[in-house]
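Respectively, the protein sequence lines represent chains G and C. Under our numbering, the residue at position 63 of the first sequence is numbered 615, and the numbers go up by one with no gaps. Under our numbering, the residue at position 4 of the second sequence is numbered 136, and the numbers go up by one with no gaps.
Calculated from the structure, these hints are not laboratory results. For each residue, glycine too, the CB sits at the ideal point set by N, CA and C. Treat the hints loosely; a few may be bogus.
Stretch-level coverage of chain C by chain G, calculated; a stretch enters the list once three of its residues show a Cβ under 8 Å from a Cβ in chain G [said to hold, decoys possible]: (1) 163-175; (2) 180-188; (3) 219-225.
Below, simulated DSBU-like cross-link-like pairs (lysine-lysine); rule was C-alpha separation at most 35 Å, straight line [as the list claims (entries may be wrong)]: (4) C:Lys143 x C:Lys189; (5) G:Lys622 x G:Lys555; (6) C:Lys189 x G:Lys555; (7) C:Lys149 x C:Lys189; (8) G:Lys622 x C:Lys189; (9) G:Lys625 x G:Lys555; (10) C:Lys189 x C:Lys147; (11) G:Lys625 x G:Lys568; (12) G:Lys568 x G:Lys622; (13) G:Lys625 x C:Lys189; (14) G:Lys555 x G:Lys568; (15) G:Lys555 x C:Lys143; (16) C:Lys147 x G:Lys555; (17) G:Lys555 x C:Lys149.
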Amino acid sequence: AQKITQTQPGMFVQEKEAVTLDCTYDTSDPSYGLFWYKQPSSGEMIFLIYQGSYDQQNATEGRYSLNFQKARKSANLVISASQLGDSAMYFCAMRRRGNQFYFGTGTSLTVIP
Amino acid sequence: GAGVSQSPSNKVTEKGKDVELRCDPISGHTALYWYRQSLGQGLEFLIYFQGNSAPDKSGLPSDRFSAERTGGSVSTLTIQRTQQEDSAVYLCASSLDSGARRETQYFGPGTRLLVL
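Isolated chain G (complex conformation) (with noise of 0.2 Å):
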């Protein structure tokens, strides 16, 4: 069963523009939490934002904020400011008990100048 949920294989946005990214999830555990990863064409993965399912608080890290809404299972990333640095692959990601990650499928990013 597909736990992480990206429905957006391609999104475009203007440079400066904010943009979201949206990621649903599936499980029935209480405890969890979620990230997502950015992959830039040279292949690394790289670690953006966290929210743990018992946060009250959405997370933020920069031009990166995460609305989460626990009731709809969702936790879209939000880009403030896009810049022609952020046009990549984003992942969200999912880790359960067991340390297991569950990862979608992606959205491809593209900024436009």
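Model the placement of chain C on the given structure of chain G, informed by the hints.
Showing chain C alone in chain G's frame:
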């Protein structure tokens, strides 16, 4: 640098041959993961090593795939009798495995495997 390293960075092999992919995790990281990423796809979990515990092999796609971790550090992923569908990028990641939920994985640059 003290990041996760993988070798080789690229590997081209013929169908039916065996290949070995190596991962050297960050020093002190007790958890080590292998993933497979096919072209345009997400990451497929293969296997997870945690300290001295038995590895979680639930993601290995067939018995042609095996992995070991010697001395709690370096890991080798072996694919026997390679098939063309094994062509993918194989990513290794490590983490401290401190038990903290927010603990992230740190990824290596990957090995790009092409089976002809």
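* For this structure, which hints from the list above don't hold up? -> Nothing - there is no hint that the structure violates, so all of them hold.
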